[in-house]
Amino acid sequence: MSDLMKVSSNPHIRAKATTGSIMASVLAALLPASAFGVYNFGFHALLLIVITVASAVCTEYLFEKGMKKPITITDFSAAVTGLLLALNLPPNAPWWIGLIGGVFAILVVKMIFGGLGQNFMNPALGARCFLLISFTSIMTNFDCDAYTGATPLAALKSGESVNIMNMILGKTSGTIGETSMIAIVLGACILIMLDIIDLRIPGTYIVTFVIFITLFGGHGFDKAFISAHLAGGGLMLGAFFMATDYVTRPITVKGQYVFGAFLGIMTGIFRLFGPGAEGVSYAIIIGNLLVPLIEKYTLPTAFGRKGGKKA
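If you're matching positions, the sequence shown starts at 1 in our numbering and goes up one per residue.
Keep in mind that the hints were calculated from the coordinates and are not lab data.
Every residue, glycine too, gets a C-beta built ideally from N, C-alpha and C.
Among the hints, a few may not be true.
Calculated lysine-lysine pairs in the DSS-like style (CA-CA distance at most 25 Å, straight line) [said to hold, decoys possible]: (1) K254 x K296; (2) K157 x K223; (3) K171 x K254; (4) K157 x K171.
Ranges between beta-carbon positions, derived for each pair [to be verified]: (5) L199 x M165: 19 to 29 Å; (6) V253 x T19: 32 to 42 Å; (7) E64 x I251: 36 to 46 Å; (8) I182 x M67: 37 to 47 Å; (9) K69 x V185: 19 to 29 Å; (10) Y39 x W95: 31 to 41 Å; (11) M67 x S158: 24 to 34 Å; (12) G66 x N166: 42 to 52 Å; (13) I182 x I251: 29 to 39 Å; (14) I73 x A17: 32 to 42 Å.
Based on the sequences and whatever the hints tell you, model everything.
If you want it as structure tokens, here you go:
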């Protein structure tokens, strides 16, 4: 009878999913966008993807080897970071941009803060923003053999008309992985069906963004204007693959809704009132920094307590 009273240490409920299986699923879900990016932009896009992923994985391996820590590259988290960063790079960027970005993402944003689970912002987006600040002309140049001129969002911001169907299909300029809305949504559906992510954050993000640009975009509920904003830039890629990052999103249910709404508003502000045509990366990073505050005010009340005091 006494044996029945013994309680093991937490966690008491364990899921079958592991970090490795989750990250492998994310890699699989990113394959449609990656494949279309290579098809759309050619061999150099593939080279950038390979170099960026290899840079991220090697940096994690060498850091852990040098610090005599367990090697964790088999959990595929470094590979996911490298691939996400690569998909956020211009297709004509020089190879060393991917190399520097991969090192920065893993070494500075992830490993220095303790590794997976300790980073305070999404490593891929942290590296992208670092590259945008350090190499602005390279990171904002989307001219390539297939396309020249401004991206659809830049053209839209300047008052020009855009081909929405081309934006949905991906036949436009942009970063390697952001152009095809269909490929991104296909990958997102894979994650949803595998129960890796849900629609709390991406759904709230997208709905809030649509409401914001409807109110403040100067076009009212213009379906063409809204569709162009949803299909253009990295909104879909950011909403489904980066805002949902387990480490840098809120853990509370209410917090996830607040987080998604905040991202929608910030993205709308950056796109409508900022100097550039984008804003997803900065919106998510700022949101990551506010996650501790969001969680503080959205923690559910403990059973038997009311307003933080015993009932």
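Honestly, do L199 and M165 meet the 19 to 29 Å range at C-beta?
-> Given range 19 to 29 Å: holds, Cβ gap about 25 Å.
Hint check for V185 and K69 - Cβ pair distance inside 19 to 29 Å = violated (38 Å)
So the hint says 24 to 34 Å: do the beta-carbon atoms of M67 and S158 match that?
-> violated (49 Å)
Evaluate the given range 29 to 39 Å for the C-beta pair formed by I182 and I251.
-> holds (31 Å)
Lying within 36 to 46 Å: is that true of the beta-carbon distance E64 to I251?
-> Given range 36 to 46 Å: violated, Cβ gap about 26 Å.
Within a Cα-Cα threshold of 25 Å, do K171 and K254 meet the stated pairing?
-> violated (38 Å)
Hint says 31 to 41 Å; check whether the CB-CB distance for Y39 and W95 agrees.
-> violated (20 Å)
Could you see if the CB distance from G66 to N166 stays within 42 to 52 Å?
-> holds (47 Å)
Would you mind confirming whether the straight-line C-alpha gap from K157 to K171 stays at or under 25 Å?
-> Given that 25 Å is the threshold and the Cα spacing comes to 19 Å, the pair holds.
Go ahead and decide if the range 32 to 42 Å is satisfied by the Cβ distance of V253 to T19.
-> Given about 22 Å between the Cβ atoms, the range is violated.
For the pair I182 and M67, does the Cβ-Cβ distance stay inside 37 to 47 Å?
-> holds (43 Å)
Satisfaction of the hinted span 32 to 42 Å by the C-beta atoms belonging to I73 and A17 | Violated, at about 19 Å.
In the structure shown, a violation is registered for the earlier hints numbered 3, 6, 7, 9, 10, 11 and 14, in ascending order.
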